[in-house]
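Participant: Residues per chain are reported as follows:
Number of protein chains: 2
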Amino acid sequence: MRRFVIVGSKAKASGDFLLSDIPGTSGRLDVLLRGLRASLLISHGVRRDTVACLVLQGDPSRTVTVRVDGAAARYLRPDDRSLATIVKKALAVTPAASGFTELRAGISVAEDGLAAVAAELAGSTIYVLDERGEELRQRLPAATPADTTFVLGDHLGLDETTRTALERLGATTALRVGPQSLHTEDVIAIVHNELDRREAVT
Amino acid sequence: MRRFVIVGSKAKASGDFLLSDIPGTSGRLDVLLRGLRASLLISHGVRRDTVACLVLQGDPSRTVTVRVDGAAARYLRPDDRSLATIVKKALAVTPAASGFTELRAGISVAEDGLAAVAAELAGSTIYVLDERGEELRQRLPAATPADTTFVLGDHLGLDETTRTALERLGATTALRVGPQSLHTEDVIAIVHNELDRREAVT
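So the sequence lines, in the order shown, correspond to chains Z and D. Per my numbering, residue 407 is the first one in the first sequence, and the count goes up by one each step. Per my numbering, residue 407 is the first one in the second sequence, and the count goes up by one each step.
Treat the hints as calculated values from the structure; they're not laboratory data. Where hints are given, some of them may not hold.
Because identical chains cannot be distinguished in the list, a pair is counted as satisfied if it fits within a single copy or across any two copies.
[Unchecked claim] Below, a list of computed lysine to any residue pairs in the SDA-like style, where the Cα atoms sit at most 25 Å apart:
(1) Lys-495 with Thr-431
(2) Lys-416 with Val-607
(3) Lys-494 with Gly-576
(4) Lys-494 with Gly-451
(5) Lys-418 with Arg-545
(6) Lys-418 with Pro-585
(7) Lys-494 with Val-607
(8) Lys-494 with Thr-578
(9) Lys-418 with Thr-531
(10) Lys-416 with Tyr-481
(11) Lys-495 with Leu-425
(12) Lys-416 with Thr-500
(13) Lys-416 with Ser-449
(14) Lys-416 with Leu-601
(15) Lys-418 with Gly-430
No experiment lies behind these values; they were computed from the predicted model shown.
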């Protein structure tokens, strides 16, 4: 399986943003929503082998993670507003003290950020996506590990605290997807494409 | 320069869609807007070497093309809603009988669709992006032509009339970006990435 963990440094965990001004009122949740789309949606379908986690760490009081599992999720539409509505509903749920609480098929929410995701990463090969990393095409093993996780930031990138936490989880390799610094969703599209190509060959 | 021409088979040329329901009221303009973002925006910047043309052919009475030139455009934000607002304003302009009429720096509108774009394509190498095409990585020349145009469809792909018109313009090669059928914006991200890599080598 493929897992994309998108860390929103400013994204609010409260869900009290305006659908009519998502970028201005949510802490740039829009960046994460487009990353969610790129993670899960293909032409007329969903990537059933992929999970996307949005880590909302922009509130000082709490961090929340919304997880969308392509194997189970239904009725995902690609536009900012419908994805924002899903996240808004997820954030209205009070999650259990630990682990993910399911809102509807494939859509879950957890109190906490990377720590909540970490509980699911045993056995996963974890890469950080970063423009200062090594080249994806060269560095990814020819046979992609069965369970691979890619962690990336929002428009501000990953901060040092998050990087340190990721290293502790075993994410010691950073990958870049090319010479340009790109939007989160474009990075995800390029990673998927590289994995799709490798899987088509094997 | 790089040019992306995104043909919206159902996208309305009237601009009377609702910002609160872009997918449902515009003929899926949202697909084109995300393609516009992928064409022009990179992390904290605009691709100054790129032009995006949105061909809105979903109205029976008229076809309109909105062109955004990365060399001149300012204040482009990546979310669906702000890009929709730009297109709405462009569609409120009555274009001159021929050629593009500028609404504001870098943003122009023309009556007509591919015929309006065609006037600018002399000397450009034109590719159609299509999942049945040849492999991008193998087929693109090592040194990308100085002026390259990529034409792609919306969620419904390109119809036969459009394909025939494109062949007449010299677009005889179709390229695919990998084994999966992807969203328009992901295809654009992957094409840009391939060009970025080639330019970085030369």
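Participant: All hints are to be evaluated individually against the structure, with a verdict given for each.
Facilitator: Here is what the structure says about each hint:
| no. | hint | result |
| --- | --- | --- |
| 1 | Lys-495 with Thr-431 | both (16 Å within a copy, 23 Å between copies) |
| 2 | Lys-416 with Val-607 | neither (40 Å within a copy, 36 Å between copies) |
| 3 | Lys-494 with Gly-576 | neither (32 Å within a copy, 48 Å between copies) |
| 4 | Lys-494 with Gly-451 | within (23 Å within a copy, 29 Å between copies) |
| 5 | Lys-418 with Arg-545 | neither (34 Å within a copy, 45 Å between copies) |
| 6 | Lys-418 with Pro-585 | neither (31 Å within a copy, 37 Å between copies) |
| 7 | Lys-494 with Val-607 | neither (40 Å within a copy, 44 Å between copies) |
| 8 | Lys-494 with Thr-578 | neither (33 Å within a copy, 46 Å between copies) |
| 9 | Lys-418 with Thr-531 | neither (28 Å within a copy, 46 Å between copies) |
| 10 | Lys-416 with Tyr-481 | between (27 Å within a copy, 21 Å between copies) |
| 11 | Lys-495 with Leu-425 | both (12 Å within a copy, 21 Å between copies) |
| 12 | Lys-416 with Thr-500 | within (21 Å within a copy, 41 Å between copies) |
| 13 | Lys-416 with Ser-449 | between (30 Å within a copy, 16 Å between copies) |
| 14 | Lys-416 with Leu-601 | neither (30 Å within a copy, 32 Å between copies) |
| 15 | Lys-418 with Gly-430 | within (11 Å within a copy, 28 Å between copies) |
Hints 2, 3, 5, 6, 7, 8, 9, 14, counting from the list given before, are not met by this structure.
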